[in-house]
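Numbered by our numbering, the letters in the sequence shown go through residues 1 to 141 in order.
These are calculated hints, taken from the structure and not from any lab test. Please note that a few of the clues may not be correct.
[To be verified] Only pairs whose alpha carbons sit at most 20 Å apart, straight line, appear in this in silico DMTMM-like list of lysine to aspartate or glutamate: (1) 20 to 110; (2) 71 to 28; (3) 122 to 49; (4) 104 to 132; (5) 71 to 44; (6) 70 to 44; (7) 70 to 35; (8) 122 to 110; (9) 70 to 49; (10) 71 to 35; (11) 71 to 86; (12) 3 to 42; (13) 41 to 28; (14) 3 to 24; (15) 71 to 95; (16) 3 to 28; (17) 104 to 35; (18) 104 to 11; (19) 104 to 24; (20) 20 to 42; (21) 104 to 128; (22) 41 to 86; (23) 104 to 86; (24) 70 to 95; (25) 3 to 26; (26) 41 to 64; (27) 3 to 49; (28) 20 to 49; (29) 3 to 44; (30) 122 to 26; (31) 20 to 35; (32) 122 to 132.
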Amino acid sequence: MRKIRVLLADDHRIFLEGLKGLLEPEFDLVGTVEDGRALLKDAERLRPDVIVADISMPLLNGIEAVRQLKKSDHRIKVVFLTMHPDVSFANMAFEVGASGYVIKNSASQELITAIHGVMMGKTYVTPEIAGELIQNYRVDA
Numbered sequence: 001m002r003k004i005r006v007l008l009a010d011d012h013r014i015f016l017e018g019l020k021g022l023l024e025p026e027f028d029l030v031g032t033v034e035d036g037r038a039l040l041k042d043a044e045r046l047r048p049d050v051i052v053a054d055i056s057m058p059l060l061n062g063i064e065a066v067r068q069l070k071k072s073d074h075r076i077k078v079v080f081l082t083m084h085p086d087v088s089f090a091n092m093a094f095e096v097g098a099s100g101y102v103i104k105n106s107a108s109q110e111l112i113t114a115i116h117g118v119m120m121g122k123t124y125v126t127p128e129i130a131g132e133l134i135q136n137y138r139v140d141a
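Sequences and hints are given; from them, build the entire structure.
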């Protein structure tokens with residue numbers, strides 16, 4: 001069985017190295033990038049199955065990078081891994097086409113679960129904000 005191909009995008013190199021160590025046993029890590037423009041370039045070149053991206057990155061933030069990526073490849077799966085537990089960020093992420101939203105202070109297994117889930121066509125929301133996110137959708141509906 002072919003491993004899921006993952007591209008990592010975060011502007012903190014030491015964090016990227018830690019993620020690599022966490023994910024490499026289970027996934028095929030095709031690359032790492034440290035800014036939004038590099039994410040656009042490498043996503044097109046490397047054709048990952050899933051992108052794990054931060055929201056706050058230099059040159060082009062993760063939200064705008066994903067917005068642009070989805071225009072050229074609407075099938076690509078994106079899991080945001082971010083420090084922002086604010087539901088407004090999660091709303092923006094899903095509006096641009098994210099498949100998952102995980103908070104950086106979550107347990108490491110949560111990211112692995114999110115990646116597998118989005119590859120099965122599911123949407124993943126970190127439990128820390130899931131209730132509030134659903135409540136917002138109910139109020140807006």
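Hints and how they fare:
| no. | hint | result |
| --- | --- | --- |
| 1 | 20 to 110 | holds (15 Å) |
| 2 | 71 to 28 | violated (25 Å) |
| 3 | 122 to 49 | holds (14 Å) |
| 4 | 104 to 132 | holds (18 Å) |
| 5 | 71 to 44 | holds (12 Å) |
| 6 | 70 to 44 | holds (11 Å) |
| 7 | 70 to 35 | holds (17 Å) |
| 8 | 122 to 110 | holds (14 Å) |
| 9 | 70 to 49 | holds (13 Å) |
| 10 | 71 to 35 | holds (19 Å) |
| 11 | 71 to 86 | violated (26 Å) |
| 12 | 3 to 42 | holds (19 Å) |
| 13 | 41 to 28 | holds (19 Å) |
| 14 | 3 to 24 | holds (10 Å) |
| 15 | 71 to 95 | holds (13 Å) |
| 16 | 3 to 28 | holds (6 Å) |
| 17 | 104 to 35 | holds (18 Å) |
| 18 | 104 to 11 | holds (13 Å) |
| 19 | 104 to 24 | holds (18 Å) |
| 20 | 20 to 42 | holds (17 Å) |
| 21 | 104 to 128 | holds (11 Å) |
| 22 | 41 to 86 | violated (28 Å) |
| 23 | 104 to 86 | holds (12 Å) |
| 24 | 70 to 95 | holds (11 Å) |
| 25 | 3 to 26 | holds (7 Å) |
| 26 | 41 to 64 | holds (14 Å) |
| 27 | 3 to 49 | holds (10 Å) |
| 28 | 20 to 49 | holds (16 Å) |
| 29 | 3 to 44 | holds (19 Å) |
| 30 | 122 to 26 | holds (19 Å) |
| 31 | 20 to 35 | holds (17 Å) |
| 32 | 122 to 132 | holds (19 Å) |
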